[in-house]
Amino acid sequence: MIENPLLRHGLLIAAVMYLAWSLGSLEVDWARTAQGADRAGRIFSRMFPPDFDRWSLLLRGIIESLEMALAASFIGMILAIPLGLCAASNIAPRPVYLVARSILVLTRTFHEVIIAILFVKIFGFGPLAGVLTLVVASISFIGKMLAEDIENLGDQQMEAIRATGASFPKVLIYGVMPQILPRYLGVSIYRLDANIRHSTVVGIVGAGGIGQTLSATFSRYDYDFSLAILLTIIALVFLGEFFSNWVRGRLR
Amino acid sequence: MLRIESLSKSYTLDTQALNDVSFEVTEPQVVAIIGPSGAGKSTLIRCINRLVEPSSGHAILNGENVTSLNSSGLRKARRRMGMIFQEYNLVERLTVMENVLSGRLGYVSFWQAWRRSYPPEDIADAFKLLERVGLEGYQDKRADALSGGQRQRVGIARALMQKPDLLLVDEPTASLDPKTSRQVMRILVELAHELHTPTLLNIHDVPLAKNFADRVLGMQDGRLIFDGTTEELTEEALTRIYGEEDWSVDTKKNVDEGVDTASTAFKATST
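These protein sequences, in sequence, are chains X and D.
For the first sequence, position 10 matches number 10 in our numbering, and the numbering has no gaps at all.
For the second sequence, position 240 matches number 240 in our numbering, and the numbering has no gaps at all.
Careful: at least some of the hints might be erroneous.
[Said to hold, decoys possible] For the chain D half of the interface with chain X, some residues (derived, Cβ under 8 Å), not all of them:
hint: 1; residue: V52
hint: 2; residue: E53
hint: 3; residue: S55
hint: 4; residue: H58
hint: 5; residue: M83
hint: 6; residue: E87
hint: 7; residue: V91
hint: 8; residue: R93
hint: 9; residue: M97
hint: 10; residue: L105
hint: 11; residue: W111
hint: 12; residue: A113
hint: 13; residue: R115
hint: 14; residue: Q162
Derived from the structure by calculation, the hints contain no laboratory data.
Since the structure is predicted, the reported quantities are computational estimates derived from the model, not experimental observations.
All C-beta atoms in this analysis are idealised placements derived from N, C-alpha and C, irrespective of residue type, glycine included.
Could you put together the complete structure from these sequences and hints?
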């Protein structure tokens, strides 16, 4: 890859030295780490058997998470359309395009958890903050995919529809929509699946759903209930994945 | 019917894609526009329906100056100009019928277009046209399931659905094999004559142009340098359009598309 042998070996040596230095500079409390295996063993042993006795609490959390994911996916899917259209360079005027792209970049800069923390600070604990977080994430994800699909279309169909004397909205529903609809639905379903997973995560910072319940069990050392929740989340994510693949398979 | 007055287009400051082109079409004839690649053929026909905005000059269709229309006037004018494309430009995921009916998009409301509910007479016309171009029974097939020749027939039907006063045709056969090309050209020219629709036809295949057109325009470097009947398109005229030095090089590699077919045409006309 690098022609000059001096440069090649020099870079390699520099990389190894940097690795050594950075490992050395990590402040690892080795005494505490040594206890890790021991503690892990204790935590895991207290997790078994999983405790499903408080199933009504569990169920409430799961349903809340699912509701958050569904609502956020649906709202995100709808709001992504105008944003995606505005962010496609081949159909949006330049200033609109730049604004829309900036929104997309900005919303993708921060991880969901950071946005969730912000919304929890603004709207307080609970599912509203979670839903808003997932809406933001969904809009930017679906919007970006949509914009890129439109840009990849090429202008052949749009040119032909325009040549018939059709107005811009008709060009969109005839020349653009049929071409991108299957991908848009596929991406939206994928996002629903992702939102189910992420709805459990944002709960940990207090934005509602099963994640909030899970986080509470950890702080109360209710490890057996934690395991019950984790198992349920795994099952839920599996189901979501399965459903999403099934739907996307049928869309082709 | 159609008058072009010193139409020019420059994409960049120092090059003229279209340079002061003027001509007139006074009867419903098929006018082939020939010339080497990059001569401005495609720019010329796109400047007429303003898919490309001309830099100066006018295109006047049946007394109306298309070049000076505002956007809603332009949409109305485009309804009267059917266009056929080299790559067919069908909406791949829609059915043949939906594609043909899209020729009426300028006439129906947004909600009719959304719900695909076209007036019954449009649907009847679409069936007639499909039969006429030899695609009877294909109405529910998806456009991406068709062959190139079939797609171009759908393209022809879509353009004719507009009941146009002018047909703009951009290299209709460039993506088709020779036999299909002739079939498509025959259908196109027959229909243009039958419906008395003046037709501007970009084509780089000179023999096809000579076979099917009533009149030939020759372009070079954005300028119109030949205007005459197919009989008047002599070897000498072809040399003027395609250039002297290019004639002797038909064995050379890397000859561009326009030169290549022109040399074949040269041989065809000399025998």
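Outcome of the hint check:
no., hint, in the structure
1, V52, "violated, 10 Å"
2, E53, "violated, 13 Å"
3, S55, "violated, 20 Å"
4, H58, "violated, 19 Å"
5, M83, "holds, 4 Å"
6, E87, "holds, 6 Å"
7, V91, "holds, 5 Å"
8, R93, "holds, 5 Å"
9, M97, "violated, 13 Å"
10, L105, "holds, 4 Å"
11, W111, "violated, 10 Å"
12, A113, "holds, 5 Å"
13, R115, "violated, 10 Å"
14, Q162, "holds, 6 Å"
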